[in-house]
Amino acid sequence: MARPVPADADTFPKLLIRNARNFGNRPAMRHKDLGIWQTLTWAQLLDEVRAYAAGLHRLGLKRGDTMAIVGANRPRLYESLMSAQALGVVPVPVYADAVADELSYVLAHAEVRFAAVEDQEQVDKILSVSERLPKLETMVYDEPRGLRDYDHTRLHSIEDVIADGRKALAEDAGLAAWLDAEIAAGKGSDTSIILYTSGTTGQSKGVVLSAERCIGASSDTVAFDSLTEKDEALAYLPLAWVGDHYLNYAQGLVAGFCMACPESGDTAMADLREIGPTFFFAPPRSFEQMLTRLMIRMEDAGFIKRQLFHHFIGVARRYGEKILNQQPVPLHGRFAYWLGNILVYGPLKNVLGLSNVRIAYTAGEAIGPDLFSFYRSLGLNLKQLYGQTEAFLYLTAQPDGQIYADTVGPALPNVDLRIAENGEVQFKSPGMFVSYFKDDAKTKETMTPDGYVKTGDAGFFDSKTGHLKIIDRAKDVGKLKDGTLFPPKYVENKLKFFPNIREAVAYGDGRDFVAVMINIDLAAVGSWAERNNVIYGSYQELAGHPLVYDMIQKNIEETNRSLAEDKVTAGAQVRRFLILHKELDADDGEVTRTQKVRRGFVAERYAPLVKALYDGSKEADISTEVTFEDGRKGMLSARVKIRDVATVPVTPALGKAA
Amino acid sequence: MRAPSASDIAAGEILLSIENVSLSFGGVRAIRDVSFDIKKGEVRAIIGPNGAGKTSMLNVINGFYQPQQGRITFKGETRSKMQPHDAARGGIARTFQNVALFKGMSALDNIMAGRTLKMKHGFLWQLLRVGPALNEEIAHRHRVEEIIDFLEIQAIRKVPVARLPYGLQKRVELGRALAMEPDLLLLDEPMAGMNLEEKEDMSRFIIDVNDHFGTTIALIEHDMGVVMDLSDRVVVLDHGVKIADGTPDHVKQDQNVIDAYLGVAH
Chain R
1 MARPVPADAD TFPKLLIRNA RNFGNRPAMR HKDLGIWQTL TWAQLLDEVR
51 AYAAGLHRLG LKRGDTMAIV GANRPRLYES LMSAQALGVV PVPVYADAVA
101 DELSYVLAHA EVRFAAVEDQ EQVDKILSVS ERLPKLETMV YDEPRGLRDY
151 DHTRLHSIED VIADGRKALA EDAGLAAWLD AEIAAGKGSD TSIILYTSGT
201 TGQSKGVVLS AERCIGASSD TVAFDSLTEK DEALAYLPLA WVGDHYLNYA
251 QGLVAGFCMA CPESGDTAMA DLREIGPTFF FAPPRSFEQM LTRLMIRMED
301 AGFIKRQLFH HFIGVARRYG EKILNQQPVP LHGRFAYWLG NILVYGPLKN
351 VLGLSNVRIA YTAGEAIGPD LFSFYRSLGL NLKQLYGQTE AFLYLTAQPD
401 GQIYADTVGP ALPNVDLRIA ENGEVQFKSP GMFVSYFKDD AKTKETMTPD
451 GYVKTGDAGF FDSKTGHLKI IDRAKDVGKL KDGTLFPPKY VENKLKFFPN
501 IREAVAYGDG RDFVAVMINI DLAAVGSWAE RNNVIYGSYQ ELAGHPLVYD
551 MIQKNIEETN RSLAEDKVTA GAQVRRFLIL HKELDADDGE VTRTQKVRRG
601 FVAERYAPLV KALYDGSKEA DISTEVTFED GRKGMLSARV KIRDVATVPV
651 TPALGKAA
Chain H
659 MRAPSASDIA AGEILLSIEN VSLSFGGVRA IRDVSFDIKK GEVRAIIGPN
709 GAGKTSMLNV INGFYQPQQG RITFKGETRS KMQPHDAARG GIARTFQNVA
759 LFKGMSALDN IMAGRTLKMK HGFLWQLLRV GPALNEEIAH RHRVEEIIDF
809 LEIQAIRKVP VARLPYGLQK RVELGRALAM EPDLLLLDEP MAGMNLEEKE
859 DMSRFIIDVN DHFGTTIALI EHDMGVVMDL SDRVVVLDHG VKIADGTPDH
909 VKQDQNVIDA YLGVAH
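Line by line, the protein sequences give chains R and H.
Each residue of the first sequence is one higher than the last, beginning at 1 in our numbering.
Each residue of the second sequence is one higher than the last, beginning at 659 in our numbering.
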């Protein structure tokens with residue numbers, strides 16, 4: 001297990017004090033106010049957190065309580081996390097875009113007494129379910145707009161709470177001493193935070209994490225990537241996701257680096273460019289979208305620029321990754337890459353805001369190998385990691401210089417990984433969770449008798465490199481009727497690499513063949529339609545357009561050729577497909593809040609379509625209920641076409657391939 | 659949740675009063691002897707069927723049309739003739755039924771344009787961008803950034819408005835009107851052509867503007883649900899004649915209004 005965490009740095013508030021002492025004048029947080037970046041130093045942050053904690057204490061918050069945190073990445077909400085932890089209160093961050101039902105489930109389950117929220121929208125959402133939250137007493141909010149005339153007996157602005165706390169601390173030395181004692185009384189074994197899983201499988205579970213384990217795990221990875229207080233990260237990931245809490249909050253406090261909060265959700269990409277972080281994480285989907293946008297803009301660029309781009313991207317494909325991995329490259333290759341860096345890669349990374357990035361990670365889903373090597377070939381040190389909330393994120397990560405697109409790297413220092421007999425990955429790690437909150441049965445189910453945690457993912461160690469390869473969720477890897485292996489995610493990921501395809505859902509387990517439902521990418525296909533004079537009035541119309549079908553069919557046939565290259569996957573070629581008439585949406589429960597497709601739910605919801613995929617019909621009618629952003633519901637009906645796709649004949653691999 | 663209660667407003671000071679105003683274009687009588695007032699801090703709706711004279715009424719208020727008869731008193735000053743720029747200087751800002759923005763300019767520049775009247779330094783000073791002129795511009799930019807923050811349009815700050823969807827263009831237009839820090843804000847169908855979500859956003863912004871800045875608002879709107887929710891008092895026009903005036907509940911039950919909207923057998 002991990003090396004022991006020193007007692008004066010075994011909770012996050014203690015780390016905050018340490019940072020304020022060691023480098024109090026260095027930036028701790030940045031945020032954009034009225035279009036200008038404002039910086040908060042570690043000393044100022046500590047001062048605010050102390051005042052805030054004192055204010056919350058005066059409102060009645062006390063050790064052992066839980067406090068919900070709902071909203072976007074704002075300094076005030078991060079301060080809420082720290083202030084809660086300073087008082088020995090357990091913060092429970094909740095996804096800001098959760099609908100009222102999801103929100104009330106988590107708030108009720110966690111038995112929160114206090115809630116720190118971003119704005120009127122969140123206040124309204126909580127008020128609308130307040131009768132289901134008898135334990136909730138007080139709410140504090142960051143953005144006062146629209147809230148002036150609300151009943152303020154149980155509602156306070158964070159600004160006021162901090163001002164009140166500051167005044168009280170100045171007047172009453174006893175309170176200040178009490179607060180210091182309260183922070184010092186925090187123990188490493190205390191619960192530091194409860195993170196609710198996004199609910200890929202059913203109702204979300206509260207993962208209880210202790211302070212010393214959080215800090216132990218973060219210390220290991222901070223050392224692994226040699227992060228220091230001179231680094232900077234953009235904190236734009238959902239506050240309630242383990243990724244944000246780990247990568248930005250925990251690592252930020254352990255290493256002392258600065259986290260910058262974007263101005264708003266929509267501006268994250270522009271803010272990325274302005275901040276120029278040195279440490280960057282994005283899910284594969286974001287890298288995909290960035291590339292799609294890039295390619296679309298290149299199509300619209302002038303002739304010379306386009307030629308230049310394509311030429312040097314070719315050069316990067318040939319030499320870029322080798323240079324990054326410090327492998328031998330011929331001199332003329334190095335020269336061409338150097339030139340390309342000046343003319344194309346440098347400016348490109350600058351536009352994307354990735355110029356200063358020293359370490360970039362991606363995780364959450366498998367990343368397309370081509371997509372992965374595209375970024376690496378530009379000289380971006382993009383690596384993959386693998387982990388889960390129960391492990392406080394990290395289990396494996398790719399060390400610099402040992403990068404293989406299809407693996408997620410070896411186990412991290414102090415992480416003990418093993419593969420169970422059924423192929424499931426199991427672990428013991430410094431950051432492993434304590435239990436599921438109020439759910440001992442689930443906790444028992446997840447732990448093995450000898451203390452390992454089951455991940456639910458199927459994988460194996462690559463024989464050549466010793467790195468871990470994840471195939472799919474253990475329970476999702478299926479078999480066709482004839483026994484051919486069918487890894488749905490593998491097929492879907494191959495399809496999703498095409499810019500036109502935003503999402504793919506593959507079926508085949510227990511069936512005769514593989515069939516897929518496709519979601520087109522509106523940005524990419526829409527731009528194609530504009531260039532080719534294809535007229536459409538809505539997403540639905542574009543999705544059903546015969547020319548779009550032709551295009552997607554070509555993409556699937558190409559995928560089939562690539563699947564056929566490997567004898568293990570050759571049997572999983574796609575025979576039939578359809579294009580869905582609506583985008584899969586988290587509000588309808590079709591994807592999780594972290595944008596993972598819930599395959600089973602989608603199959604149920606679109607049962608007539610799945611049936612039509614397998615009964616040979618050419619089209620099918622579907623009518624589904626959709627939830628609008630305000631929670632209202634409506635019906636959406638459509639007639640969806642189904643097409644057959646050519647497959648590459650599979651030659652029985654009779655000893656030939658071995 | 660609204661700031662001024664009905665009784666507050668009833669007692670409130672009159673910001674603008676229209677007395678016996680008539681307006682005709684040749685033989686067409688667009689407005690006939692209409693009188694009503696707008697009180698400080700209220701949201702006042704002007705509604706009516708198509709061709710009732712609502713937009714003409716707004717144009718009379720901000721001086722674009724000169725009524726042939728009647729008196730208009732704004733902030734205690736009575737006038738019969740006024741030019742639109744006088745109205746703007748006097749503190750009346752408006753948005754238009756069809757978005758009227760500078761299409762090639764960014765959202766930020768469009769809203770900055772709303773500050774023109776507040777600029778104290780002349781054209782040449784601004785061109786030089788030195789000393790006091792620069793300081794002034796920074797102060798104006800600060801105010802504009804507050805509006806951008808208020809309307810939650812940070813992400814489109816630097817996007818040319820022609821590239822924005824309609825709902826956002828409307829929001830930028832509202833931003834430009836707000837940049838004038840008006841005493842009276844005229845909104846001509848702020849929600850025309852919007853989808854449900856955009857309408858809800860816009861309604862929230864209108865309530866917030868009224869609440870946060872205390873701006874008096876007169877709006878024309880077709881969506882009855884919106885009008886009844888937003889406004890403190892409603893005046894109903896039909897064929898240029900005022901047929902009802904009062905609180906939304908009162909107006910809803912008025913027989914003349916019901917007849918005007920549903921039609922009546924003659």
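Worth flagging that the hints you see were computed from the coordinates, not collected in a lab.
Check before you lean on any hint, since a few could be wrong.
[To be verified] Between beta-carbon pairs, the in silico distance windows are: (1) 854/H - 295/R: 32 to 38 Å; (2) 633/R - 790/H: 55 to 61 Å; (3) 731/H - 35/R: 23 to 29 Å; (4) 419/R - 866/H: 33 to 39 Å; (5) 127/R - 707/H: 24 to 30 Å; (6) 722/H - 534/R: 38 to 44 Å; (7) 523/R - 825/H: 54 to 60 Å.
These numbers were taken from a predicted model, which means no experiment stands behind them.
Beta carbons are placed, not taken as given, at the ideal position from N, Cα and C, and that holds for glycine.
Exercise for the section: Given the range 54 to 60 Å, decide if the beta-carbon distance of residue 523/R to residue 825/H lies inside it. Expected result: 18 Å, violated
Problem - residue 633/R paired with residue 790/H, Cβ distance criterion 55 to 61 Å - result: Holds, since residue 633/R and residue 790/H (Cβ atoms, about 57 Å apart) stay within the stated range.
Problem - Satisfaction of the hinted span 24 to 30 Å by the C-beta atoms belonging to residue 127/R and residue 707/H - result: Since residue 127/R and residue 707/H have Cβ atoms about 38 Å apart, the given range 24 to 30 Å is violated.
Problem - Verdict for residue 731/H, residue 35/R (Cβ pair) under range 23 to 29 Å - result: The hint (23 to 29 Å, Cβ to Cβ) is violated, given that residue 731/H and residue 35/R are roughly 40 Å apart.
Problem - Hint check for residue 534/R and residue 722/H - Cβ pair distance inside 38 to 44 Å - result: 43 Å, holds
Exercise for the section: Could you tell me whether the CB distance from residue 419/R to residue 866/H stays inside 33 to 39 Å? Expected result: 57 Å, violated
Handout entry: Outcome for the supplied range 32 to 38 Å, where the beta carbon pair is residue 854/H and residue 295/R
Key = 34 Å, holds
Checked against the numbered hints above, the structure violates hints 3, 4, 5, 7; every other hint is satisfied.
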